Amino acid sequence: MKLYCLSGHPTLPCNVLKFKSTTIMLDCGLDTTSVLNFLPLPLVHSPRLSKLPGWISKDGTVNLEKRELLDLSTIDVILISNYHCMMALPYITEHTGFTGTVYATEPTLQIGRLLMEELVNFMERVPKAQSATCWKNKEIQRTLPGPLKDAVDVWTWKRCYSMQEVNSALSRVQLVGYSQKVELFGAVQISPLSSGYSLGSSNWIIQSHHEKVSYVSGSSLLTTHPQPMDQSSLKNSDVLILTGLTQMPTANPDGMLGEFCSNLAMTIRAGGNVLVPCYSSGVIYDLLECLYQFIESANLGTTPFYFISPVANSSLEFSQIFAEWLCHNKQSKVYLPEPPFPHAELIQTNKLKHYPSIHGDFSSEFRQPCVVFTGHPSLRFGDVVHFMELWGKSSLNTIIFTEPDFSYLDALAPYQPLAMKCVYCPIDTRLNFHQVSKLLKEVQPLHVVCPEQYTQPPLTQSHRSDLMLELQPPPMPYRRCSVLNLPFRRRYERVYIMPELASSLVPSEIKPGISVATVSAVLHSKDNKHTLQSVPKPPPLPPSKKRKRVIEEPPVVLAPKPLLSGAVPLEAFLATLQKHGISEVKVEETADGHILHLQAEDTLIQLEEDGTHIVCDNNEPLRTTLRDLVLRFLQKL
59 MKLYCLSGHP
69 TLPCNVLKFK
79 STTIMLDCGL
89 DTTSVLNFLP
99 LPLVHSPRLS
109 KLPGWISKDG
119 TVNLEKRELL
129 DLSTIDVILI
139 SNYHCMMALP
149 YITEHTGFTG
159 TVYATEPTLQ
169 IGRLLMEELV
179 NFMERVPKAQ
189 SATCWKNKEI
199 QRTLPGPLKD
209 AVDVWTWKRC
219 YSMQEVNSAL
229 SRVQLVGYSQ
239 KVELFGAVQI
249 SPLSSGYSLG
259 SSNWIIQSHH
269 EKVSYVSGSS
279 LLTTHPQPMD
289 QSSLKNSDVL
299 ILTGLTQMPT
309 ANPDGMLGEF
319 CSNLAMTIRA
329 GGNVLVPCYS
339 SGVIYDLLEC
349 LYQFIESANL
359 GTTPFYFISP
369 VANSSLEFSQ
379 IFAEWLCHNK
389 QSKVYLPEPP
399 FPHAELIQTN
409 KLKHYPSIHG
419 DFSSEFRQPC
429 VVFTGHPSLR
439 FGDVVHFMEL
449 WGKSSLNTII
459 FTEPDFSYLD
469 ALAPYQPLAM
479 KCVYCPIDTR
489 LNFHQVSKLL
499 KEVQPLHVVC
509 PEQYTQPPLT
519 QSHRSDLMLE
529 LQPPPMPYRR
539 CSVLNLPFRR
549 RYERVYIMPE
559 LASSLVPSEI
569 KPGISVATVS
579 AVLHSKDNKH
589 TLQSVPKPPP
599 LPPSKKRKRV
609 IEEPPVVLAP
619 KPLLSGAVPL
629 EAFLATLQKH
639 GISEVKVEET
649 ADGHILHLQA
659 EDTLIQLEED
669 GTHIVCDNNE
679 PLRTTLRDLV
689 LRFLQKL
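Residue 504 in my numbering is what sits at position 446 of the sequence shown, and the numbering runs on without skipping anything.
Just so you know, the hints here were simulated from the structure itself, not pulled from any lab data.
Since this is a predicted model, take the numbers as computed values, not measurements.
Where hints are given, some of them may not hold.
[Said to hold, decoys possible] With a straight-line cut-off of 20 Å between C-alpha atoms, the simulated EDC-like cross-links for lysine to aspartate or glutamate are:
1) Lys194 to Asp89
2) Lys76 to Asp585
3) Lys76 to Glu241
4) Lys293 to Glu500
5) Lys76 to Glu164
6) Lys595 to Glu558
7) Lys409 to Asp344
8) Lys479 to Glu317
9) Lys694 to Asp668
10) Lys496 to Asp524
11) Lys694 to Glu666
12) Lys409 to Glu396
13) Lys411 to Glu347
14) Lys499 to Asp463
15) Lys409 to Asp419
16) Lys587 to Asp134
17) Lys239 to Glu269
18) Lys409 to Glu375
19) Lys496 to Glu528
20) Lys694 to Glu567
21) Lys391 to Glu403
22) Lys619 to Asp585
23) Lys411 to Glu317
24) Lys216 to Glu175
25) Lys78 to Glu551
26) Lys60 to Asp296
27) Lys207 to Asp89
28) Lys194 to Asp211
29) Lys216 to Asp296
30) Lys78 to Asp585
31) Lys584 to Asp134
32) Lys239 to Glu152
33) Lys78 to Glu269
34) Lys239 to Asp585
35) Lys293 to Glu269
36) Lys584 to Glu241
37) Lys499 to Asp296
[Unchecked claim] Restraint ranges, calculated between C-beta atoms of paired labels, are given here:
38) Trp215 to Thr308: 44 to 52 Å
39) Gln238 to Ser540: 29 to 37 Å
40) Asn321 to Gln502: 20 to 28 Å
The C-beta atom is built at its ideal place from N, Cα and C for all residues, glycine as well.
Produce the complete structure using the sequences and hints provided.
Put into structure tokens, the structure is as follows:
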């Protein structure tokens, strides 16, 4: 069993597991932090950004190097744990020769589609007049200004996919439900479990009849809107692959929500606007629920809240219709009937309005001071770029970062000098190191495999041993482009026996309640299933011809030699030898049993737990006699 690590980002994993002749990709997260190396894409002409000089290549064409750790066309299936971990799917399904199946829950598929559609929309509505690739050559990259000059593996950076590629990729997805078992080629069985992190998020069980691998990615034990995490099904794992822990282990999500609300209220009361760069699904549901409970007590009832995204309407609607994927409290509201999320009431009372973009209705209905939720959290594309240009020059306004995926200082760099206030309230509900250590003690896997980053403290807090995994035995770490041989071997395989063959067996009881039987059969293997079938009878001989008589002997099927079971008791065996005239016996005790030296006959008998050996030179009658005496104490099967 091997594990290939294709991603260096622990919360955006992409690993490939080879297990029992199947090749399984575990997630395909898209690391978009590279966009921080580029200037923002404004929706409205920006004099400031347009005055910046471009870079011109002095060379015409270059060849990009290419490395391959694994042929992605050999992948049989892709398992998706949550919608953030499927954003690279079109690159794999449309450009590698992949012909397999993708498995995901329905909310993961639908919300993942929205996030991809939003990303494509952000890119395509601000088309670039020119495109360049020559700068990716190492020799040219060295001449670029920082941080591009120091960027690693720029040759792996790709242009954004199209909606055609998105639709083609998602057409390969097969929907599964929690605890549903899916068989892969008769070799292994996969099953998703609730991970408690987001709508439809999953951990995965991959098991054969005798081995079990658990994949834990992006899980949460906090009480939020998704179904709670299924922990019990992770027990008895031979290997547990762990990834997707919190990026903010020292930031308490509840505390961050409190800071978010208080800073928002302070800004609005001072007459300023609040900008919240966020994804169109996920934490925004919790933010809106928190604000629903907060705005009345903070006297913010007249403050407008705007959610601007090409998929804003669909995101808010999907959150209300996936009732079976929600926690129990929100599920029960559906049967009252009430909407499970309070943002439905905010929309009905016009406190929350959603728009596909800043153009159209928004421009005529927009009023200040207000709160705007919009993307992208990187501040490099999307409607957020317009609001940064619009509000950045006033100290009355505040930008509140809640998504932990990007460095807020790097995100703000192109907009400096900036007068608006900046507040960093990263909300990450995924497992922290204390929670995951407790979880692992409960489920007790034999081996834990995790990213290298989890086995050592952060570089900026090297003294914090509590911000790392300390397990016994120590976890097996992996890094990008590494290949691990996972530490267990297959010991057993399930074999089925045909009814007619089973009826011919004659079991013998060797211990109370335990019977064995010998079998002579043909082993038939197909689609990783093994069956014992009766030995076929030889075909009848064809009638002989007068002119040419050929006698063909039928194939001989040898009967199996009988198997022996039991033990030879020392005292009883010595008494039997005495009865047969063998009295001079010297007994020597060994680690495995006893050695009997028949001195007069110059013969040795080794009595061991798993066998008996008679060493007798040039005296076949004596050897035969001793063999028969030994067989008296054993059972033939």
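Evaluated hints:
For the hint linking lysine 194 to aspartate 89, the alpha-carbon distance of about 18 Å falls within 20 Å, and the restraint holds. The straight-line distance between the Cα atoms of lysine 76 and aspartate 585 is roughly 17 Å, inside the 20 Å bound, and the hint therefore holds. Of the pairs offered as hints, the one joining lysine 76 and glutamate 241 holds, with about 16 Å between alpha carbons and a cut-off of 20 Å not exceeded. Distance hint between lysine 293 and glutamate 500 is fulfilled; the C-alpha atoms sit about 8 Å from each other, no more than 20 Å.
Taking the CA atoms of lysine 76 and glutamate 164, the gap is near 26 Å; set against the 20 Å cutoff, the hint is violated. Annotation: proposed proximity of lysine 595 to glutamate 558 holds, straight-line Cα distance about 14 Å (limit 20 Å). Between lysine 409 and aspartate 344 the CA atoms are separated by roughly 16 Å; this keeps the pair inside 20 Å, and the hint holds. Straight-line distance between C-alpha atoms of lysine 479 and glutamate 317 comes to about 14 Å, which keeps the hinted pair within the 20 Å bound.
A C-alpha spacing of about 15 Å is found between lysine 694 and aspartate 668, which places the hinted pair at or below 20 Å, so the restraint holds. With a CA separation close to 13 Å, the supplied pair lysine 496 and aspartate 524 stays within the 20 Å bound. Taken as a hint, the lysine 694 and glutamate 666 pair is honoured in the structure, with Cα atoms around 18 Å apart against an allowance of 20 Å. Among the hinted pairs, lysine 409 with glutamate 396 is consistent with the structure: their alpha-carbon atoms are about 18 Å apart, no more than 20 Å.
Between lysine 411 and glutamate 347 the alpha-carbon distance is near 15 Å, which keeps this suggested pair within the 20 Å criterion. Restraint check for lysine 499 and aspartate 463: not satisfied, since their Cα atoms lie roughly 29 Å apart, outside the 20 Å limit. Restraint check for lysine 409 and aspartate 419: satisfied, since their Cα atoms lie roughly 16 Å apart, inside the 20 Å limit. A threshold of 20 Å between alpha carbons decides the hint, and for lysine 587 with aspartate 134 the separation of about 18 Å falls inside it, so the pair holds.
The suggested pairing of lysine 239 with glutamate 269 holds, with an alpha-carbon distance near 15 Å, which does not exceed 20 Å. Taken as a hint, the lysine 409 and glutamate 375 pair is honoured in the structure, with Cα atoms around 17 Å apart against an allowance of 20 Å. The hinted pair formed by lysine 496 and glutamate 528 meets the criterion: a straight-line CA distance of about 11 Å does not exceed 20 Å. The hinted pair formed by lysine 694 and glutamate 567 meets the criterion: a straight-line CA distance of about 11 Å does not exceed 20 Å.
Taking the CA atoms of lysine 391 and glutamate 403, the gap is about 13 Å. The hint holds against a cut of 20 Å. For a cut-off of 20 Å, the pair hint linking lysine 619 to aspartate 585 is broken: about 32 Å separates their Cα positions. Distance check on the hinted pair: lysine 411 and glutamate 317 sit about 24 Å apart at the alpha-carbon level, beyond 20 Å; violated. Distance check on the hinted pair: lysine 216 and glutamate 175 sit about 17 Å apart at the alpha-carbon level, within 20 Å; holds.
Using a Cα cut-off of 20 Å, the hinted pair lysine 78 and glutamate 551 holds, with the two alpha carbons roughly 11 Å apart. Proposed proximity of lysine 60 and aspartate 296 is supported: the alpha carbons are some 14 Å apart, at most 20 Å. Taking the CA atoms of lysine 207 and aspartate 89, the gap is about 19 Å. The hint holds against a cut of 20 Å. Between lysine 194 and aspartate 211, the direct Cα distance comes to roughly 9 Å. Compliance with the 20 Å bound is thereby established for this hinted pair.
A hinted pair counts as satisfied when its Cα atoms are at most 20 Å apart, and lysine 216 with aspartate 296 does not qualify at roughly 37 Å. Between lysine 78 and aspartate 585 the CA atoms are separated by roughly 11 Å; this keeps the pair inside 20 Å, and the hint holds. Taking the CA atoms of lysine 584 and aspartate 134, the gap is about 18 Å. The hint holds against a cut of 20 Å. Proposed proximity of lysine 239 and glutamate 152 is contradicted: the alpha carbons are some 27 Å apart, above 20 Å.
Taking the CA atoms of lysine 78 and glutamate 269, the gap is near 10 Å; set against the 20 Å cutoff, the hint holds. Using a Cα cut-off of 20 Å, the hinted pair lysine 239 and aspartate 585 holds, with the two alpha carbons roughly 18 Å apart. Between lysine 293 and glutamate 269, the direct Cα distance comes to roughly 12 Å. Compliance with the 20 Å bound is thereby established for this hinted pair. Between the alpha carbons of lysine 584 and glutamate 241 the distance comes to roughly 15 Å, so the proposed pair stays at or under 20 Å and holds.
Proposed proximity of lysine 499 and aspartate 296 is supported: the alpha carbons are some 14 Å apart, at most 20 Å. A hinted range of 44 to 52 Å for the beta carbons of tryptophan 215 and threonine 308 is inconsistent with their spacing of about 31 Å. Between glutamine 238 and serine 540 the beta carbon distance is about 32 Å. The supplied range of 29 to 37 Å therefore holds. A hinted range of 20 to 28 Å for the beta carbons of asparagine 321 and glutamine 502 is inconsistent with their spacing of about 43 Å.
Hints 5, 14, 22, 23, 29, 32, 38, 40, counting from the list given before, are not met by this structure.
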